[in-house]
Amino acid sequence: MTLSVAHLSDPHITIGPGSEAPAAGLRAALGRVLALDPLPDCAVITGDLTERGEPGEYAALREEIDAFPLPLHLVTGNHDVPEALVGGFGGTRFLGGGTGTSYVVEHPAFTVAVLDSWVSGSPGGRLGSGQVAWLGRALAERPGVPALVCLHHPPVPVGIPFLDAMGLADGPELAGVVAAHPRVVRVLAGHVHRPVTAPFAGSTVAVAPSTYRQSGLVLREGVPGYPDEPSAFLLHVLPDGSPGTAWATHTVPTAPAAPQD
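In terms of the UniProt record's numbering, the sequence shown has 138 at position 138, counting the first letter as 1, and numbering is strictly consecutive.
Any given hint could be a false lead.
Pair ranges (Cβ atoms, derived) [as the list claims (entries may be wrong)]:
#1 GLY124 to GLY87: 22 to 32 Å
#2 ALA109 to ALA24: 29 to 39 Å
#3 GLY124 to GLY98: 18 to 28 Å
#4 LEU39 to PRO253: 17 to 27 Å
#5 LEU39 to THR245: 41 to 51 Å
#6 ALA24 to PRO69: 36 to 46 Å
Read the hints as simulated data drawn from the structure, not as lab findings. From the three backbone atoms N, C-alpha and C, an ideal C-beta is built for every residue, glycine too.
Sequences are here, hints too, so could you generate the full structure?
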């Protein structure tokens, strides 16, 4: 049986002026997920769910995802506010049925562990020693079952200096936990608004593009800006009959293809 996880990121849902494009981007991505055959086992949105972390924005997000028929797991980003996120989604399936922004969902054939790297007043991220230790305990459960660890800030540099300056401060501490648990098949992140893959502690970091707009590939100092590049999401797939660590990652554009001559 093939397993798959749809990995979306950075929709930046807002309200008022400028709200239509982010909502349309997320709507297109969710629709494309539901057009996959077979359907994914679940979907994850790795942070920057909203633009300002306001309750009204989470209400608008709720309108977009409430009827989504697959399991959907939300992750806190630096544009979010954990308390407001819990206020809008606490106790629902979108936060694993709990009232925290760090949680574990045990699917039949894999585990999703969600971390909160939000730091008040900072675009960068940090997990903290308590959360890193919690992850270690969570990963000790169900040995041998594939696990996907989800957070907003990539735990390794991606080569874009502007964004690397606001990365995860305690990536090495996370690496220590991941290295101790070979069942971690992917570390899923966002924040960069570009698809990026990198080796990490015996596993693979996969950064999803934004469903809204993409950052420029600026590999020197400077602000990347937002070029006219297509939105997309990632699909992490364990093909039928493959070993539990042999996951593949696909990039799935959400805009329709250009007409052929």
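Violated hints - listed by number, lowest first:
5 and 6
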